[in-house]
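From first to last, the protein sequence lines are chains A and B. All the letters of the first sequence, read from the start, carry residue numbers 58 to 306 under my numbering. All the letters of the second sequence, read from the start, carry residue numbers -11 to 299 under my numbering.
Derived by calculation from the structure, the hints in this document are not laboratory data. Careful, some of the hints might be misleading.
To be verified - Straight-line alpha carbon distances no greater than 35 Å define the calculated DSBU-like cross-link-like pairs of lysine-lysine that follow:
id	chain 1	residue 1	chain 2	residue 2
1	B	Lys101	B	Lys43
2	B	Lys109	A	Lys139
3	B	Lys58	A	Lys296
4	B	Lys65	A	Lys139
Predicted model only: the values in this text are computed from it and were never measured.
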Amino acid sequence: MSNFVEQFRCSLVVSRKNIKIYYLKGPVVTFGLIFPLFLALAYLIGRNVPLEDVLPGLIGMTAFFTATAVGPSIVPWETRSKTLERLLCCPVAMWTIVVGDMLSSFIFGFAISVIPLVLTLFFGIQLLNFIILLLALIIANLCFAALSVLLSAYPPTDVPATTMMLSSLVKFPLVFISGVFIPIEELPPWGRIIASFSPLTYFTDIVRLLFINRGFYGLALDFLALLAFLITFTIAAIKIHERTLTKRL
Amino acid sequence: MGYAIEVRDLTKLYGNFTAVNRISFEVKEGEIFGFLGPNGAGKTTTIRILTTLIKPDGGKAFVAGYDVLKNPIEVKKRIGVVPEVSNAYVDLTVWENLMLIGKLYGLPVKKIKENATELLKEFGLYDVRDKLVKFLSKGMKQRLLLCMALVNDPEVLFLDEPTSGLDVESARLLREKIVQYNGEGKTVFLSTHNMEEANQLCHRIAIINHGKIAAIDTPENLRAQSMDLQYIEVAFNKTVEAGIFSENPNVVKAVPAGNKVRIYTPDPSAVICFLVEYAKKNDLRIISLNTMMPSLEDVFLKLTKRKEVVL
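The following block holds chain A by itself, in its conformation from the complex:
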């Protein structure tokens, strides 16, 4: 147990280092701030829809794009600069580094996706339960952060642009099938099946339920699904990073 606490403390150190080094890197700013901002504007402007109907999609998109902005680039960057080898020479396990990368990705996503939430309060829009929304935001951001670190695991490249491109290839289809633009209940049966494979679906469903009282799966299933995705992505990220480590050194 003490060993676990020691390693988790190292994850926090890794995370703080990532925040200092990677938050202001060009691709992170582009994919994590500029891009979601313009996507949100395109989503909002010119639509004659009440704000509370738009907010679930907006919050979902913001959380998804920001929490997946940092993760894909860290390991390739560290591979290229050989700092991954430096980190691994210290008494840390691979999972410690993966969790550290996840946490820095999570903090970036959470800090920014709180903004639309604050706007909600500012405009006085009613929602069913703020605490549940906050909890969902935390779990969803962790889940997306784990996905982003998983996306950097394969191929074991040292070119951040490669993982950024590949992660975009995964991220965009996920947004379109996740009920952000079209509510799940309005999707055809095959669309619903596809949507169920995306973690964003369940987060959007929670937000929709809390804002406009129209959920599809129910809170319990949404949270369970998000947790299942979080655990699966985290374990997969650790295992694949461990396997591909030799190719990165």
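Mind docking chain B on chain A? Use the hints.
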């Protein structure tokens, strides 16, 4: 005195290629152990296994008493590593790099600050502690790497080509520090291409070639094992064909070397007598005569490129 490093039948495969082939050796506590070999011989792979970065496919390795496979974290707590390629965080300052490494070793912040201050002063980096690493010279970066490897006060130091590409002053400083820290009880595992450096610093040297240990001994003994590589350089007042000396049974090989003739022999004394006689008979004067012992480089080349060095 115990062993700081013990390696038994260590093997590492990359597909069909055997990078490290059942090597075995020990490094005594407090020893500077040189690890020499041509590029691709298996040096870095061995260091990466010993520093727990990669897992071996066979054999055992113990560092500071811990199994690298079973207790990698315990091993890493007791070692410091200076890799071949500079790998400090260039977007962090010198100070931030040391703090980061210290924290990853779980040291209290106060202790890290004390160690970092002491090391930076010792290595002449204290005045640049707030500079980003990307703005440091190569020599400074290499000194910083050694500071980072020492911040946790390790028992065993792994140095992979630590002076490669450095200016004379920085290289000398690093060598002095290696000797100093070894004097304070640290075991040093030094991989280098620099024969003179290995000769000066190492108590014992292992030469690895094609993934196998070709020889392990003190630099002196390694040279002594290769006495067939000793030679005599002789210059006469007139030009003499080198081939004439090859007929002597004590001569292995004779080759021209500028205005001199280089004569390889296992028995220099007999050859010198022969040369004096030859000079008298042919009315020649010996201008210079030197007996040269094999250098570590000669031994290295003999052991690693047997086919090329045909005497």
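The hints, checked one at a time:
Our distance criterion of 35 Å between C-alpha atoms is met by Lys101/B and Lys43/B, whose separation comes to about 34 Å. Note on Lys109/B and Lys139/A: the hinted pairing holds, with a Cα-Cα distance of about 26 Å set against a maximum of 35 Å. At most 35 Å may separate the alpha-carbon atoms for a hinted pair to count; Lys58/B and Lys296/A meet this at roughly 18 Å. Between the alpha carbons of Lys65/B and Lys139/A the distance comes to roughly 20 Å, so the proposed pair stays at or under 35 Å and holds.
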